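Asker: Below, each chain spelled out in residue letters.
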Amino acid sequence: MLILKPKFDFEVSVEMEITPSVAKADEQEIKDFEVYYGKKKVKLSELFEIKKEGDEAKLVLEGDFSKVKWVGTRMDEGEIVVKGNIGDHCGAYMTGGKIVVEGNALDWLGAEMKGGEIIVKGNARNYVGCAYYGDMTGMSGGKITVDGNVGNYIGEKMGGGEIEIKGSAGDFIGTEMKDGVIVIHGDCGFVGGDMKGGTIKIKGNFELVPGFKEVEDGFEGDVNAGGKGKVVKIA
Amino acid sequence: MSDIMLHIKNGIVIDPKNGVNAEKMDIFVKNGKIVEESEVSGEVKTIDASNKLVVAGGFDMHAHIAGSKINVGREMRPEEMRTVRLIAGKFRASIGRVLLTSPAIGYEYAKMGYTTAFEAAQPPVGALHTHEELDAIPMIDKAALPVFGNWHFVLKYVAEKDFEKLRAFIAWALERTKGFGVKVVNPGGVEAWMYGGNCKSLDDEVPGFGVTPREIITALIQETENLNLCHSVHLHCNNLGTPGNYETTIESMKLASKFSNEKRQVLHVTHVQFNSYAGSSWRDVASGAAEVAKYVNSVDNITIDMGQPIFGHATAMTGDAPFQFTLHKLTGARWSNKDSEIEGGAGIVPIAYLPKNPVHALQWAIGLELGLLVDSDKVVLSTDYPNGGPFTEYPYVMAMLMSKKMREKELERVSPYVQKATNLPSIDVEKTLYEVIHMTRSLPARVMGMDSKGHLGVGADADIAIYDLNPLEVDPSNDFETVYKAFKTAVYTIKGGEIIAKEGELVKEVWGRTFWVDARNKAAMDAIESDLDDMFEKYYSLQRVNYGVEEAWIKKPERLVMG
Numbered sequence: 001m002l003i004l005k006p007k008f009d010f011e012v013s014v015e016m017e018i019t020p021s022v023a024k025a026d027e028q029e030i031k032d033f034e035v036y037y038g039k040k041k042v043k044l045s046e047l048f049e050i051k052k053e054g055d056e057a058k059l060v061l062e063g064d065f066s067k068v069k070w071v072g073t074r075m076d077e078g079e080i081v082v083k084g085n086i087g088d089h090c091g092a093y094m095t096g097g098k099i100v101v102e103g104n105a106l107d108w109l110g111a112e113m114k115g116g117e118i119i120v121k122g123n124a125r126n127y128v129g130c131a132y133y134g135d136m137t138g139m140s141g142g143k144i145t146v147d148g149n150v151g152n153y154i155g156e157k158m159g160g161g162e163i164e165i166k167g168s169a170g171d172f173i174g175t176e177m178k179d180g181v182i183v184i185h186g187d188c189g190f191v192g193g194d195m196k197g198g199t200i201k202i203k204g205n206f207e208l209v210p211g212f213k214e215v216e217d218g219f220e221g222d223v224n225a226g227g228k229g230k231v232v233k234i235a
Numbered sequence: 001m002s003d004i005m006l007h008i009k010n011g012i013v014i015d016p017k018n019g020v021n022a023e024k025m026d027i028f029v030k031n032g033k034i035v036e037e038s039e040v041s042g043e044v045k046t047i048d049a050s051n052k053l054v055v056a057g058g059f060d061m062h063a064h065i066a067g068s069k070i071n072v073g074r075e076m077r078p079e080e081m082r083t084v085r086l087i088a089g090k091f092r093a094s095i096g097r098v099l100l101t102s103p104a105i106g107y108e109y110a111k112m113g114y115t116t117a118f119e120a121a122q123p124p125v126g127a128l129h130t131h132e133e134l135d136a137i138p139m140i141d142k143a144a145l146p147v148f149g150n151w152h153f154v155l156k157y158v159a160e161k162d163f164e165k166l167r168a169f170i171a172w173a174l175e176r177t178k179g180f181g182v183k184v185v186n187p188g189g190v191e192a193w194m195y196g197g198n199c200k201s202l203d204d205e206v207p208g209f210g211v212t213p214r215e216i217i218t219a220l221i222q223e224t225e226n227l228n229l230c231h232s233v234h235l236h237c238n239n240l241g242t243p244g245n246y247e248t249t250i251e252s253m254k255l256a257s258k259f260s261n262e263k264r265q266v267l268h269v270t271h272v273q274f275n276s277y278a279g280s281s282w283r284d285v286a287s288g289a290a291e292v293a294k295y296v297n298s299v300d301n302i303t304i305d306m307g308q309p310i311f312g313h314a315t316a317m318t319g320d321a322p323f324q325f326t327l328h329k330l331t332g333a334r335w336s337n338k339d340s341e342i343e344g345g346a347g348i349v350p351i352a353y354l355p356k357n358p359v360h361a362l363q364w365a366i367g368l369e370l371g372l373l374v375d376s377d378k379v380v381l382s383t384d385y386p387n388g389g390p391f392t393e394y395p396y397v398m399a400m401l402m403s404k405k406m407r408e409k410e411l412e413r414v415s416p417y418v419q420k421a422t423n424l425p426s427i428d429v430e431k432t433l434y435e436v437i438h439m440t441r442s443l444p445a446r447v448m449g450m451d452s453k454g455h456l457g458v459g460a461d462a463d464i465a466i467y468d469l470n471p472l473e474v475d476p477s478n479d480f481e482t483v484y485k486a487f488k489t490a491v492y493t494i495k496g497g498e499i500i501a502k503e504g505e506l507v508k509e510v511w512g513r514t515f516w517v518d519a520r521n522k523a524a525m526d527a528i529e530s531d532l533d534d535m536f537e538k539y540y541s542l543q544r545v546n547y548g549v550e551e552a553w554i555k556k557p558e559r560l561v562m563g
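Protein chains in written order, with full-length UniProt numbering: chain A, 1 to 235; chain B, 1 to 563.
Keep in mind that the hints were calculated from the coordinates and are not lab data. Hints are all accurate, no fakes.
Subject to a maximum C-alpha distance of 25 angstroms in a straight line, what follows is the list of computed DSS-like cross-link-like pairs (lysine-lysine):
| # | chain 1 | residue 1 | chain 2 | residue 2 |
| --- | --- | --- | --- | --- |
| 1 | B | 90 | A | 43 |
| 2 | B | 508 | A | 40 |
| 3 | A | 114 | B | 356 |
Given the structure is predicted, the values throughout are model-derived calculations rather than measurements.
Could you build the full structure based on these sequences and the hints that come with them?
Answerer: Written out as structure tokens, the structure is:
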């Protein structure tokens, strides 16, 4: 297990493509792990206090990590616990393992993730489980749970897996969604634009784009895209 | 250009233009040119090229490296811009997966030992922008071919059979766009597409003009020859990307039969892979490469380039707007159209060539068939960057042409469809290193009419590539991996006498020249004055006085006056 604490308040963002596997390396290697601080390449030990306890593939991030990007990107095993806020792109492209954020997450949480689990106890911002600009498929496996609220563009181009939002969401939920499930317990804005497949379940109020037709158990569309997506109201 | 003198010692030289085949030689450089030994004295920098291959710098005569198309491509494909090649420092930041940014284009060519690349389709109204972009590409020499085949002036003069005016118009247009030669894209078809149509055969009439592609191509060849331009007509045939189109291609080639030129071909047909399909639909599509190759080999006034697809990402972009729309319908991928007033159009569609996709595998095989079956003196190596794939994979194509073993290995991973639809598996031809060097250096230079390029004779530009490959020892047929690796990264790339890249690392940023052709003294320029005024007044969105590119606006222009 590896415990990281910021040594100072970061003035610019830190690009840190770190996964729990790093915790298995020896101490010197961990200290020398290279990250970008702004445009400069620096060693991990220059930015963080590092404490290693055993070889378990687990990262504990203590303090404010809201300026730290790409944590857990492409991770395939182990666990990350963030005892605070986390920056953009957390868990992007991940294929396995688990990330727990006790504070809030920023944009691009679990973008294009293929497997594993992300739990956020606070809020998350925009583009949860989305595809990056230009790519054809967003999140395609695994599960993202957000206890609080989220922003816009949740699950855009989603191709599988599940996103569960216990609070409310913004606009454009499941845009161009192809497969998978989005569950929203609170309210949200427009849903399902150009949706082709998959299911969106909503407990609160929402606005449907005009391309949906009413069917027995909810709404189907987006007919403009020849879609067979489902938007369902749940109790 | 450098005033440093160079002595490249003990290299093993292949220089097809001068008939040098793997001879141990010394090369001397002074003032950016190749000179006799007696010319150099005093402070001479020596490069030890022992047991290494020394050739002229590579010459890519057909790539899309500047202009509105590639820029729209960059805009619509943000995903291409995630590959970071070089972060800013001594050199400029360069990014891009296949669609590179301008600095990246120059840098990647240089690393590979290429020193010249021509933009193969410049929308005339976008000429200024094209030149500004060319000026942003470091390291290499450049030029651009403006497109003529759908320009209203051309259609009008051909319809009126007023060839004197057509001749003057070509000379005028080359000067205004600072262009190099006459490019033709789907003649008539792009204009027809503005009305929802296309020109599928050489005898389809262009709506509103009463002319046919046959007449347009013939007239443009005739006047290009009358102007005695460096380069011949550069034709992208009608019906590109359609099953059965090899017949249109051969028919178009036959239009050149009544012309001849002692110095060069009279028609260059480009990225012929996309125009060599047999069959009647995508269900029964097959290779027509053998027939095309047979025709090209039987005549001596035509050259072609391959348009070889590379498996992986690419971006289709051509002045052939109707084809791009068809491709977009076929693949469901994003599409952008680019109109250029009364001159033509273009389209852009992202594409990825997949080995297991029968059509993509077929295209890949056809490109190679053309490269192998056509006489090495008539086929230039190209990927039609970025249509067929990245130019950085030229070494792959070079190695494939030289090794049947490598082809057999590659055939194992592609769709079995190529086995029945092409001849590739049964082709035993293995091009020699000498032939492949010809196809990437001396031949493209000859096709473009550039006497100072593509060879290492005295007087040539000192554009030199040195590769870690001993032609006397290597057996390209078996050592294809060595060959591929060696050509991927030049040990030295020398541009105009300066070392610009060494073992894959950039050494110095230099700015190449932009060539343009001035043929105005061969035509009665006054004849078209009133027509130009009239057409600009009526149809252009800008005034004639604001149209075109002044020589002083270009970084390092080089005017070639046609005698």
